[in-house]
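A.B. asks: In terms of mature numbering (1 follows the signal peptide of the UniProt record, and there is no 0), the sequence shown is residues -26 to -1, 1 to 96.
Keep in mind that the hints were calculated from the coordinates and are not lab data.
Every value quoted in this text rests on a predicted model; they were computed, and no experiment measured them.
Among the hints, erroneous ones may be present.
In silico DSS-like pairs for lysine-lysine, Cα to Cα no more than 30 Å straight-line [claimed, not checked]:
id: 1; residue 1: Lys46; residue 2: Lys2
id: 2; residue 1: Lys2; residue 2: Lys21
id: 3; residue 1: Lys21; residue 2: Lys46
id: 4; residue 1: Lys52; residue 2: Lys21
id: 5; residue 1: Lys2; residue 2: Lys52
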Amino acid sequence: MSGNKWNCVLLSLFFLFLVFCSSGYALKCLVCTSTTQVCTTNHTCPKGDYSCLRITVGTSKTYRCEQHNNCKVEILQKEFGNSFSFYCCQGNDLCNTAIAIPAHKTLLGLLTLIAVVWLVCF
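Starting from the given sequences, assemble the full structure and let the hints guide the process.
C.D. replies: In structure tokens:
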């Protein structure tokens, strides 16, 4: 393999390392309290084991960051009573919207960049 191709391989491996070793990532969730309107306020959750939570009580919805181990019916009943539905998710930023975002933007961008580097170099 020529020197240029090795440089491209190393560059591609570096980008993959950046994508998969980002331990400082914190989840972003919608955050609104007891609203019947569309929630557009987003917030970065503290680092750690957090989920995005969406609670529906009647026509009112609450959106927030929640510690993942609190995403249990018996825990949420203490705050919201017996008549509610909820959705907890950790997969993507803003996953507590009505329509979840299909892929993390940074991952998609870096994978696109790697594909371009690969096509140019090989």
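A.B. asks: For every hint, state whether the structure bears it out.
C.D. replies: Taking the hints in turn, this is what the structure says about them:
1. A threshold of 30 Å between alpha carbons decides the hint, and for Lys46 with Lys2 the separation of about 20 Å falls inside it, so the pair holds.
2. For the proposed pair Lys2 and Lys21, the alpha carbon gap of about 10 Å is at most 30 Å, so the pair holds.
3. Distance restraint check for Lys21 and Lys46: the Cα-Cα separation of roughly 20 Å lies within the 30 Å cut-off, and the hinted pair is therefore satisfied.
4. Proximity of Lys52 to Lys21 is assessed by CA-CA distance (about 25 Å); at most 30 Å being required, the pair is judged to hold.
5. For the suggested pair Lys2 and Lys52, the alpha carbons sit about 25 Å apart, so the restraint of at most 30 Å is met.
Hint check: no violations occur; every hint is consistent with the structure.
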